[in-house]
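2 protein chains.
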Amino acid sequence: MNTLLIHAHPEPLSLNGSLKNFMVGRLQAAGHTVQVSDLYAMGWKAAIDADDSLDGAAGERFLPDADSRLAFANGRQSADIAAEQAKLEWADAVIIQFPLWWFSMPAILKGWFERVYANGFAYGVGEHSDHHWGDRYGEGRLAGKRAMLVVTTGGWESHYSPRGVNGPMDDILFPIHHGMLWYPGFDVLPPFVSYRVSRMDEVRFAATCAALGERLDTLFETAPIPFRRQNAGDYEIPSLTLKPHIAPGEEGFGVHLA
Amino acid sequence: MNTLLIHAHPEPLSLNGSLKNFMVGRLQAAGHTVQVSDLYAMGWKAAIDADDSLDGAAGERFLPDADSRLAFANGRQSADIAAEQAKLEWADAVIIQFPLWWFSMPAILKGWFERVYANGFAYGVGEHSDHHWGDRYGEGRLAGKRAMLVVTTGGWESHYSPRGVNGPMDDILFPIHHGMLWYPGFDVLPPFVSYRVSRMDEVRFAATCAALGERLDTLFETAPIPFRRQNAGDYEIPSLTLKPHIAPGEEGFGVHLA
Numbered sequence: 271m272n273t274l275l276i277h278a279h280p281e282p283l284s285l286n287g288s289l290k291n292f293m294v295g296r297l298q299a300a301g302h303t304v305q306v307s308d309l310y311a312m313g314w315k316a317a318i319d320a321d322d323s324l325d326g327a328a329g330e331r332f333l334p335d336a337d338s339r340l341a342f343a344n345g346r347q348s349a350d351i352a353a354e355q356a357k358l359e360w361a362d363a364v365i366i367q368f369p370l371w372w373f374s375m376p377a378i379l380k381g382w383f384e385r386v387y388a389n390g391f392a393y394g395v396g397e398h399s400d401h402h403w404g405d406r407y408g409e410g411r412l413a414g415k416r417a418m419l420v421v422t423t424g425g426w427e428s429h430y431s432p433r434g435v436n437g438p439m440d441d442i443l444f445p446i447h448h449g450m451l452w453y454p455g456f457d458v459l460p461p462f463v464s465y466r467v468s469r470m471d472e473v474r475f476a477a478t479c480a481a482l483g484e485r486l487d488t489l490f491e492t493a494p495i496p497f498r499r500q501n502a503g504d505y506e507i508p509s510l511t512l513k514p515h516i517a518p519g520e521e522g523f524g525v526h527l528a
Numbered sequence: 271m272n273t274l275l276i277h278a279h280p281e282p283l284s285l286n287g288s289l290k291n292f293m294v295g296r297l298q299a300a301g302h303t304v305q306v307s308d309l310y311a312m313g314w315k316a317a318i319d320a321d322d323s324l325d326g327a328a329g330e331r332f333l334p335d336a337d338s339r340l341a342f343a344n345g346r347q348s349a350d351i352a353a354e355q356a357k358l359e360w361a362d363a364v365i366i367q368f369p370l371w372w373f374s375m376p377a378i379l380k381g382w383f384e385r386v387y388a389n390g391f392a393y394g395v396g397e398h399s400d401h402h403w404g405d406r407y408g409e410g411r412l413a414g415k416r417a418m419l420v421v422t423t424g425g426w427e428s429h430y431s432p433r434g435v436n437g438p439m440d441d442i443l444f445p446i447h448h449g450m451l452w453y454p455g456f457d458v459l460p461p462f463v464s465y466r467v468s469r470m471d472e473v474r475f476a477a478t479c480a481a482l483g484e485r486l487d488t489l490f491e492t493a494p495i496p497f498r499r500q501n502a503g504d505y506e507i508p509s510l511t512l513k514p515h516i517a518p519g520e521e522g523f524g525v526h527l528a
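Chains as they are written, first to last, in the numbering used here: chain X, 271 to 528; chain D, 271 to 528.
Honestly, the hints are just simulated from the structure, not real lab data. Among the clues, some could well be false.
Note that the list lumps identical chains together, so a pair holds whenever it fits in one copy or between two copies.
[As the list claims (entries may be wrong)] With a cut-off of at most 20 Å between alpha-carbon atoms, the simulated EDC-like pairs for lysine to aspartate or glutamate come out as follows: (1) Lys357 to Glu484; (2) Lys415 to Asp325; (3) Lys513 to Glu427; (4) Lys315 to Asp350; (5) Lys513 to Asp400; (6) Lys513 to Glu330; (7) Lys315 to Glu281; (8) Lys415 to Glu520; (9) Lys315 to Glu491; (10) Lys357 to Asp308; (11) Lys357 to Glu409.
Whole structure, please, built from the sequences with the hints as guidance.
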């Protein structure tokens, strides 16, 4: 199978760099074809701007959404964006690897999503009617592909536990899992998170690789997170609120898991 | 009072640009001194790297945390970072204004936090002992200052309601409010969020300015979000989990509000 690894750490000799090398080797040894987008090494441009279209802004003002739609539709996107979209189309699975900085992904990776997820590619896809609100949240261009986060933190696991001061890791990652991966159709696998990595010695590194290797060996069998499909009947349209009889009385991120 | 406005939109003629201009005028008319960090106009560098220290990486490997600490302590930070820190020290209130892209802030703004929030400046501050775990979450260098988000979304308000498909707005913003603003000590005000802004006509723009103006007029009186202080007795140290008798049986972001 084809696996794309998106890697966002500035230092090749970091723990993240070592885990990336381990993942590439493990996947290749299992017979997969691997492409790596090493965002720092590529000098990835993080900020959306009018240069993302070969034609610049279409009108007097730069309109991020409309200009992205036009450039995508007309094959006039910046070459770096088109190349990453081609990798996504090629991939059967995508691994997104990063250190958790300020409770989200590094800026360079956020900018990869913002620019590669063009209007017409990852959003603004499909009909909008009274029974279907775009091909999103379980449908979309990336449906049928799998995605998994591989994340490191400096903080302790307890700090990210259900009553930990940082908030639960599942909730911190929800906007990525649900909002950025499930949204254009990916099946989202449970994340692989390594905590307190400043204290990682060789013994723990070996154990981490063993556990991560097992996740890679089962990449195409692991059950995805059971997010609800937006257009399959659980939500009112167009308010897109969960119907009253589904998880009655409950609120928050958790209600979007079946 | 001194107010710093951090603005992250690529187009000066956008709604966000118009709201920025409105805010500057309103604050100045009320007698405040205003500085604006217009990140796109400044060409803000989003990605952390070894160039963030005038000395480059201190060792063979670039260590984002350790090198940031050294550069901050020795006055060897890149000039753009030091300038933004000086603005934060100067400010009594900070307004952070952005369009919500993929359920978080734009990459360029995320990169502002990552680079300006140096080790020793916004994290890695204060003692770590069995009764105090760093000056953070209610203590820290930015304590005594106020912060408020001003956010626009394309999606409808119902999509961000407690049972809306995107997840509740308060939960989507929690990693920013709690993890990036309360963390170094800011008092965090309730956000000002404008939904479905692609349908903003002149009447709604006027109403939005009126409501936003009122928030600016009361910037120094509005009650902050009542996040719990990490070192004031509610949390076990060092596990940093909420003590069992506080919000017993509850979990998730909400338990961190008193």
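Evaluation of the provided hints:
1. Lys357 to Glu484: Neither way: Lys357 and Glu484 sit 24 Å apart in one copy and 48 Å across, limit 20 Å.
2. Lys415 to Asp325: Classified as neither: same-chain Cα gap 32 Å, cross-chain 44 Å, threshold 20 Å.
3. Lys513 to Glu427: For Lys513 and Glu427, the Cα distance is within 20 Å only across copies (16 Å; inside one copy 35 Å).
4. Lys315 to Asp350: Both: 9 Å inside a chain and 18 Å across chains, each within 20 Å.
5. Lys513 to Asp400: This pair counts as within: shortest intra-copy Cα distance 15 Å, inter-copy 47 Å.
6. Lys513 to Glu330: neither (43 Å within a copy, 56 Å between copies)
7. Lys315 to Glu281: Both: 17 Å inside a copy, 17 Å across copies.
8. Lys415 to Glu520: neither (30 Å within a copy, 35 Å between copies)
9. Lys315 to Glu491: Neither way: Lys315 and Glu491 sit 34 Å apart in one copy and 40 Å across, limit 20 Å.
10. Lys357 to Asp308: within (13 Å within a copy, 33 Å between copies)
11. Lys357 to Glu409: within (19 Å within a copy, 45 Å between copies)
Hint violations for this structure: numbers 1, 2, 6, 8 and 9, all remaining hints satisfied.
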